[in-house]
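Residue numbers (my numbering): 131 to 182.
Be a bit skeptical, because a hint or two may be false.
Unchecked claim - Cβ-Cβ distance ranges computed for the label pairs, FRET-style:
1. ILE164 / VAL135: 16 to 26 Å
2. ALA144 / GLU166: 24 to 34 Å
3. ASP134 / CYS171: 27 to 37 Å
4. ASP170 / ASP134: 29 to 39 Å
5. LEU169 / VAL140: 30 to 40 Å
6. SER146 / ASP170: 35 to 45 Å
7. VAL159 / THR138: 18 to 28 Å
8. CYS171 / GLU148: 31 to 41 Å
9. ALA144 / ASP170: 34 to 44 Å
10. ILE163 / GLY141: 20 to 30 Å
11. SER168 / MET131: 17 to 27 Å
12. VAL159 / PHE139: 10 to 20 Å
13. SER168 / ALA144: 32 to 42 Å
14. GLU148 / ASP170: 25 to 35 Å
FYI, nobody ran anything at the bench for these hints, they're computed from the structure. Everything numeric in this text was worked out from a predicted model, so none of it was measured. Glycine included, C-beta positions come from ideal geometry on N, C-alpha and C.
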Amino acid sequence: MTPDVLRTFVGIEALSDEEACEIVDTLEVYTKIIVEYSLDCGDLNSSEENEP
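Please build the complete structure, drawing on both the sequences and the hints.
What follows is the structure, encoded as structure tokens:
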């Protein structure tokens with residue numbers, strides 16, 4: 131996501147470039163954490179399903 135795309139959301143259109151970039155950076159970090167956590171949980175869930 132880019133700052134320009136972020137500013138298309140209602141209530142966020144007045145952000146400065148710096149503020150929008152900070153939010154985009156934070157969203158990218160959270161996305162990576164969620165994806166890594168999801169992959170870890172997926173591995174745990176699949177191993178539990180394989181148990182007798």
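Here's how the hints hold up against the structure:
1. Distance hint for ILE164 and VAL135: a CB-CB separation of about 19 Å, consistent with the stated range 16 to 26 Å.
2. The hinted window of 24 to 34 Å between ALA144 and GLU166 holds, with their beta carbons roughly 33 Å apart.
3. Under the hint 27 to 37 Å, the C-beta atoms of ASP134 and CYS171, about 33 Å apart, fit the expected range.
4. Checked against the hint of 29 to 39 Å, the pair ASP170 and ASP134 passes, with Cβ atoms roughly 33 Å apart.
5. At about 33 Å, the CB distance of LEU169 to VAL140 agrees with the hint of 30 to 40 Å.
6. For SER146 paired with ASP170, a C-beta distance near 36 Å keeps the hint of 35 to 45 Å intact.
7. VAL159 and THR138 have their C-beta atoms about 21 Å apart, which keeps the hinted 18 to 28 Å range intact.
8. The given range of 31 to 41 Å is respected by CYS171 and GLU148, whose C-beta atoms sit roughly 35 Å from each other.
9. One distance hint, 34 to 44 Å for the beta-carbon pair ALA144 and ASP170, holds here, with the actual separation near 38 Å.
10. Separated by about 25 Å at the C-beta atoms, ILE163 and GLY141 satisfy the suggested range of 20 to 30 Å.
11. A C-beta distance of roughly 19 Å is found between SER168 and MET131, which places it inside the suggested range of 17 to 27 Å.
12. Checked against the hint of 10 to 20 Å, the pair VAL159 and PHE139 passes, with Cβ atoms roughly 19 Å apart.
13. Range check, SER168 to ALA144: Cβ separation about 33 Å, and the 32 to 42 Å hint holds.
14. Under the hint 25 to 35 Å, the C-beta atoms of GLU148 and ASP170, about 34 Å apart, fit the expected range.
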